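There are 2 protein chains.
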Amino acid sequence: MMQSSSVLINFEQRMLPLIDETLTTYLDGLAAPVQLRDAMKYSVMAGGKRIRPLLVLATAASCGRRADKAALQVAASLELLHTYSLIHDDLPAMDDDDLRRGKPTNHKKFGEAVAILAGDGLLTAAFDLVSRAELPTVTTTKLVSALARAAGPEGMVAGQTLDVTNTGKKLTLPQLQQVHRGKTGALIKYACYAGAVLSDQSRTVIDLVSEYGAHFGLAFQIYDDILDVTGTQEQLGKAVNKDATAQKNTYPGLLGMAGAKEQLTAAVTAARRCVRQIERVGLDGTLLGEMLRYFEDEVQ
Amino acid sequence: MMQSSSVLINFEQRMLPLIDETLTTYLDGLAAPVQLRDAMKYSVMAGGKRIRPLLVLATAASCGRRADKAALQVAASLELLHTYSLIHDDLPAMDDDDLRRGKPTNHKKFGEAVAILAGDGLLTAAFDLVSRAELPTVTTTKLVSALARAAGPEGMVAGQTLDVTNTGKKLTLPQLQQVHRGKTGALIKYACYAGAVLSDQSRTVIDLVSEYGAHFGLAFQIYDDILDVTGTQEQLGKAVNKDATAQKNTYPGLLGMAGAKEQLTAAVTAARRCVRQIERVGLDGTLLGEMLRYFEDEVQ
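Residue numbers (the working numbering), protein chains in the order written: chain A, 316 to 615; chain B, 316 to 615.
Some hints could be false.
The list cannot tell twin chains apart, which means a pair is met if one copy fits it or any two copies do.
Lysine-lysine pairs mimicking DSSO-like chemistry, simulated, CA-CA at most 30 Å apart [said to hold, decoys possible]:
| # | residue 1 | residue 2 |
| --- | --- | --- |
| 1 | Lys484 | Lys384 |
| 2 | Lys384 | Lys457 |
| 3 | Lys384 | Lys485 |
| 4 | Lys576 | Lys356 |
| 5 | Lys364 | Lys563 |
| 6 | Lys457 | Lys557 |
FYI, nobody ran anything at the bench for these hints, they're computed from the structure.
Keep in mind it's a predicted model, so treat the numbers as computed, not measured.
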């Protein structure tokens with residue numbers, strides 16, 4: 316799927332084990348009831364691509380900060396939060412999914428009550444892990460504040476609500492963009508923001524990488540919509556063609572496949588423009604540029 | 316129910332409108348989808364007793380800090396978090412309650428999907444509101460860290476999990492105490508901790524008021540268990556005798572009514588001992604002492 320360059324492959328090969336180790340160490344260290352910890356760990360360690368933590372670390376690297384313990388904790392906290400959103404999203408009252416990453420969804424495995432609590436636990440744990448990172452308190456406060464905004468009722472939860480409440484109603488393109496900005500965009504934008512804040516960058520740089528993140532997030536969601544139509548269950552580890560069946564609002568549904576790919580291309584192009592600006596202010600844009608290869612096979 | 320003294324009545328009369336105003340201002344100011352905001356506001360403004368925010372402010376007052384905007388935001392954030400726990404707790408997959416504070420529960424009113432999201436939104440919003448409070452960043456970081464611990468998989472979510480997964484099994488007293496310490500104790504203990512941290516108190520004072528909070532929290536849960544047996548639906552605004560029907564582990568269920576009242580008395584006595592120590596280090600223990608009158612009619 317991803318046509319990775321050696322720079323990106325090398326980066327991922329170094330970072331993925333560190334991210335997973337940070338997650339495992341954190342989860343195993345929790346004095347939590349066994350069933351709760353098992354349920355949390357089950358979904359966190361189910362083999363996600365770790366795109367959000369990778370974006371934190373790639374942005375930090377572009378800004379010259381290495382992936383030390385604190386940076387890894389901030390990166391990993393985002394995966395905890397992302398995983399909570401998947402668990403709740405899969406619940407019978409929400410998208411009612413049985414399969415995620417090729418395995419039974421959390422509520423299928425642990426029951427609905429424990430799945431709800433595992434989600435609640437992971438969401439709260441994300442803030443715990445950020446606050447544990449040894450950082451200047453001014454940095455921690457910025458990160459907590461931005462994370463709460465990105466994940467909360469003005470961000471991800473807003474997107475989820477609009478998605479759920481508008482299923483079956485046909486949205487306009489601006490409305491669909493609003494859903495997607497919340498559902499996936501806000502958290503991915505935060506990932507890039509966090510990488511720059513971790514590195515103590517200027518407002519200009521923070522804004523630039525956040526803008527890159529916003530375009531990346533939009534591209535990511537359109538790509539996900541496209542894969543739901545073109546992918547197979549084996550590739551994706553989850554049921555496909557669910558969006559159409561569930562009358563979800565998606566890019567291919569609204570614009571057709573060609574229109575969706577056009578929008579994807581536009582988002583990736585806008586992100587590339589940000590990379591060039593990032594390089595113009597003297598930072599290393601290589602990794603952020605490479606990460607856009609993720610979408611390569613669908614970009615025109 | 317509460318045999319309030321004039322000091323406590325006066326304090327509550329001044330604080331309750333300020334707490335509600337802080338909550339309303341925050342919720343109304345959110346750029347959130349209407350349905351989500353309505354659902355969040357519905358449960359937050361359903362007429363809770365605001366015990367947790369009051370404890371923050373009472374502890375802060377004992378330590379000489381007045382209820383300024385930042386203190387009110389920290390206090391109110393706890394009500395957001397508490398309300399999320401009620402909404403998720405009432406869900407069909409959890410306690411399956413139809414009535415809360417005399418009104419239909421959140422999912423009865425808004426549907427299960429929106430109720431789950433309203434809970435998620437409120438939990439995240441609690442961290443947003445704490446981080447918005449104009450406080451030294453070292454204070455904010457302490458509060459966020461302690462809140463995440465108290466509310467998360469080692470605290471409230473742990474208690475809820477133990478409660479849900481042990482329903483129908485008879486627990487020992489130490490096991491039941493563990494459930495209650497998580498379910499209600501952790502957040503109430505945090506409330507007192509927050510009041511002292513807001514006031515920049517020494518470790519000794521912070522530990523003292525936290526210990527008071529731990530005893531208060533235990534008393535609060537035992538009292539709640541007792542009311543479920545002795546109260547009426549009109550008094551409590553929710554179904555009564557639900558615990559026994561649902562085979563929940565409770566103090567009266569485990570120890571009988573006399574045994575439960577004995578445990579309540581012991582918890583209140585221990586809290587009173589903390590108040591005397593708080594006074595011995597030179598702080599004003601009046602309000603914290605008065606708040607224990609909440610349990611008076613059941614204390615032997």
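How the hints compare with the structure:
Taking the closest pair of Cα atoms, lysine 484 and lysine 384 never come within 30 Å of each other, the shortest separation being 46 Å inside a single copy and 42 Å across copies. Taking the shortest Cα distances, lysine 384 and lysine 457 sit within 30 Å of each other both inside one copy (18 Å) and across copies (20 Å). In the homo-oligomer, the alpha carbons of lysine 384 and lysine 485 never lie at most 30 Å apart, since the shortest distance is 46 Å inside one protomer and 43 Å across protomers. With identical chains, the CA atoms of lysine 576 and lysine 356 are never at most 30 Å apart, being 35 Å at best within one copy and 40 Å at best between copies.
For the identical chains of this complex, lysine 364 and lysine 563 are intra-copy neighbours only, at 24 Å inside a copy versus 40 Å across copies, given an alpha-carbon limit of 30 Å. In this assembly of identical chains, the alpha carbons of lysine 457 and lysine 557 never lie at most 30 Å apart, being 38 Å within a copy and 44 Å across copies at closest.
Going through the hint list in order, the structure does not satisfy hints 1, 3, 4, 6.
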